[in-house]
Amino acid sequence: MKEAPKPRVMRDVFLSALYDRMAQDDKLMVLAADFGSPVLDRIRSDYPGCFLNVGIAEQNLINVSTGMALEGHTVIAYAIAPFITMRCYEQIRVNLGILAQIRPLNVILVGVGAGCSYSVSGPTHQCFEDLSIMRVIPGLRFFSPCDAGSVARLLPRLIDDPGVKYVRMDAKPVTDVLSNHENDMVSGFSVLNRGAGPTIVSTGIMTHVAMDACSQLLNAGKITPTVVDIYRLSPMPDLAALGSVLAGTSVLITLEEGFVGAGGLDALMWQFMARAGLKIPEVRNVGWSGGYCFDPGKREELLKLHGLDVDSVMEVVSQCEK
Amino acid sequence: MEIDDGGIGEVVSKDGLKEKALWVWQQTLLLHKRAPETRVASSLSPIEIFTALFYGGVLDFNPALPLWPERDRLIISKGHGSICLYPILADLGFIERDSLLNICRSGSLLGAIPDPVIPGYETVNGSLGHGPGVACGIALALSKRRQKQSVIVVTGDAELHEGAVWEAVMFAGHNRLDNLVMIVDDNRCAMLDYTEKVLSVSPLLMKFEAFGWAAEEQDGHDVVSLSARLKELKHEGRGKPKVVIARTVKGHGVKALEESSLCHIMSLKPEEIDRAIRTRGTKI
Chain A
1 MKEAPKPRVM RDVFLSALYD RMAQDDKLMV LAADFGSPVL DRIRSDYPGC
51 FLNVGIAEQN LINVSTGMAL EGHTVIAYAI APFITMRCYE QIRVNLGILA
101 QIRPLNVILV GVGAGCSYSV SGPTHQCFED LSIMRVIPGL RFFSPCDAGS
151 VARLLPRLID DPGVKYVRMD AKPVTDVLSN HENDMVSGFS VLNRGAGPTI
201 VSTGIMTHVA MDACSQLLNA GKITPTVVDI YRLSPMPDLA ALGSVLAGTS
251 VLITLEEGFV GAGGLDALMW QFMARAGLKI PEVRNVGWSG GYCFDPGKRE
301 ELLKLHGLDV DSVMEVVSQC EK
Chain B
323 MEIDDGGIGE VVSKDGLKEK ALWVWQQTLL LHKRAPETRV ASSLSPIEIF
373 TALFYGGVLD FNPALPLWPE RDRLIISKGH GSICLYPILA DLGFIERDSL
423 LNICRSGSLL GAIPDPVIPG YETVNGSLGH GPGVACGIAL ALSKRRQKQS
473 VIVVTGDAEL HEGAVWEAVM FAGHNRLDNL VMIVDDNRCA MLDYTEKVLS
523 VSPLLMKFEA FGWAAEEQDG HDVVSLSARL KELKHEGRGK PKVVIARTVK
573 GHGVKALEES SLCHIMSLKP EEIDRAIRTR GTKI
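Chains A and B, in that order, are what the protein sequence lines are. Just so you know, the first sequence maps onto residues 1 to 322 in my numbering. Just so you know, the second sequence maps onto residues 323 to 606 in my numbering.
It is worth saying that the hints were derived from the structure and are not from the lab. All figures in this text were calculated on a predicted structure; none of them were measured in a lab. The reader is advised that the hints may include incorrect statements.
[Said to hold, decoys possible] Derived list of chain A stretches under chain B, where covered just means 3 residues or more per stretch with a C-beta under 8 Å from a C-beta of chain B: (1) 6-19; (2) 45-58; (3) 110-119.
[Claimed, not checked] Chain A side only, calculated, beta carbon under 7 Å to chain B, not exhaustive: (4) Asn63; (5) Val64; (6) Asn95; (7) Ile98; (8) Leu99; (9) Ile102.
Ideal Cβ placement from N, Cα and C applies to all residues, glycine included.
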């Protein structure tokens, strides 16, 4: 396997790419709910008319975004993931979901802090539910890029394909796990490794965990799993393309930093299998269980506590091979 | 469509305006007769507000081009209470007159709560409290482009219970959105009781002023003075957003509705509607 490049923060790469686009597009507008970053500071100073902090008011963030989008702006609404999805879910439903069926709106919701990115900040700052609730609104496209490279390649589509989109980003620096040609940003998924073992379907940071498990298994001379990263949860990945990857799989493991059995990635894959007519003999759904977690700690520690670290995933893989 | 000096739809005479308001009132009751599911009491209180906006020379609009870029943007936040707008939209040519006959029937554009599928409606407002924030976004965008159009948002008074309204009010005041006018249909009656008893919103003038708005009260049923004042207000550069608290009566013109704190959920029987129209008459 190639050596991973230096870890990068997804939102910084996103905002840098956005900054570059702003030189040619004066319709771009960033609205933030009092949430920032050093790269956002550059946008604020160099394009002051294209940025507004609406304050700690997520419902108004969505409503003001809607109003500006109705007048032709492409609006990037930016806040912490649990707040931009759940504090203002009804605003998203009414003003972006329902209204977008009648009037053209180009709005990109950027939620930073997927899963337990903010590992020491407790359950209010952790975001698991978005994996299910943001799949549900008709017409809303839901992206969960696993690395900064994906985010940079996604940006032109986010801006130029009109509609309402939610992008779930990790808050911490992550390595790039995908090379350019493996990630077409069209099919909704990428195959990172083809192995003789079970197939792991994962999203976000869990794709990194799956690939770390893969790497350790390879180094130990063991059978590796096929790893499929889902970077678009809604609409679901291309039926034919992902269907052909999964055809013949005898064991499927879904892996998410989200509540297991609660409508997230696991539910998406059950739905996918039904629609694709796939009958996979064994399916294991691995995710966050036990409710909300009040333990602070490093990300790896919380993942370990909830059976989502590399060792736990390797254990699941080995159980499936028996 | 040619726009004359009086503006599309403008009724210049005072008596003409009053007659128009009365006609809208009658048509609203007839709509309710066809569709008893409609919230008639909520739709009777803002009649003079909408009459003033469309016939009083306040709004710039083009029925042939409902999203005409040079229109004033009207956001009807109290959607359920705007059935009275249907006859206005039909009269002015936004929608076919015949569509009034099919209200709430399968295939009709006109439901009990309007949607922006109806020309003349810009946003989704069955759920309360969204209009002011969306109006702020529109006002901000127009201001960025230095466009002279205004954004008018009509809310209910009990609608001001919604926290999202006050997020928008703070935002508008802080950002000095002086192209934004809010009209509160202050009929003082929520769904289960009078607003004061459910959750008091007063004193409204002081609250809006504290948030950096220019605030005033008007008689919400005096269509002539309301028209004149809204026309002036639209052009007044106050350096801040503007609100008109329009004092109204829920169920205006129908005694049984006016006298009940539960009028929000009351439906009138056909004979009650006929009697109300006969009693009030169709001429001023």
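Evaluation of the provided hints:
Residue count for the segment 6-19 of chain A with a Cβ under 8 Å from a Cβ of chain B: 0. That is fewer than the three needed, and the coverage hint is violated. Under a criterion of three residues with beta carbons nearer than 8 Å to beta carbons of chain B, the stated coverage of the segment 45-58 of chain A is upheld, 5 such residues being counted. Coverage of the segment 110-119 of chain A by chain B is violated. Counting CB-CB distances below 8 Å, 0 residues qualify, and the rule asks for three or more. Residue-level restraint check for A:Asn63 holds (minimum Cβ-Cβ distance to chain B is 3 Å; threshold 7 Å).
Interface restraint check: A:Val64 against chain B, minimum CB-CB distance 4 Å, threshold 7 Å, status holds. Interface restraint check: A:Asn95 against chain B, minimum CB-CB distance 6 Å, threshold 7 Å, status holds. The interface hint given for A:Ile98 is met, as the beta carbon of that residue sits about 5 Å from the closest beta carbon of chain B, less than 7 Å. Residue-level restraint check for A:Leu99 holds (minimum Cβ-Cβ distance to chain B is 5 Å; threshold 7 Å).
Hint status for A:Ile102: holds, given a least beta-carbon distance of 5 Å to chain B, under 7 Å.
The structure fails hints 1, 3 (numbered hints given earlier, in ascending order).
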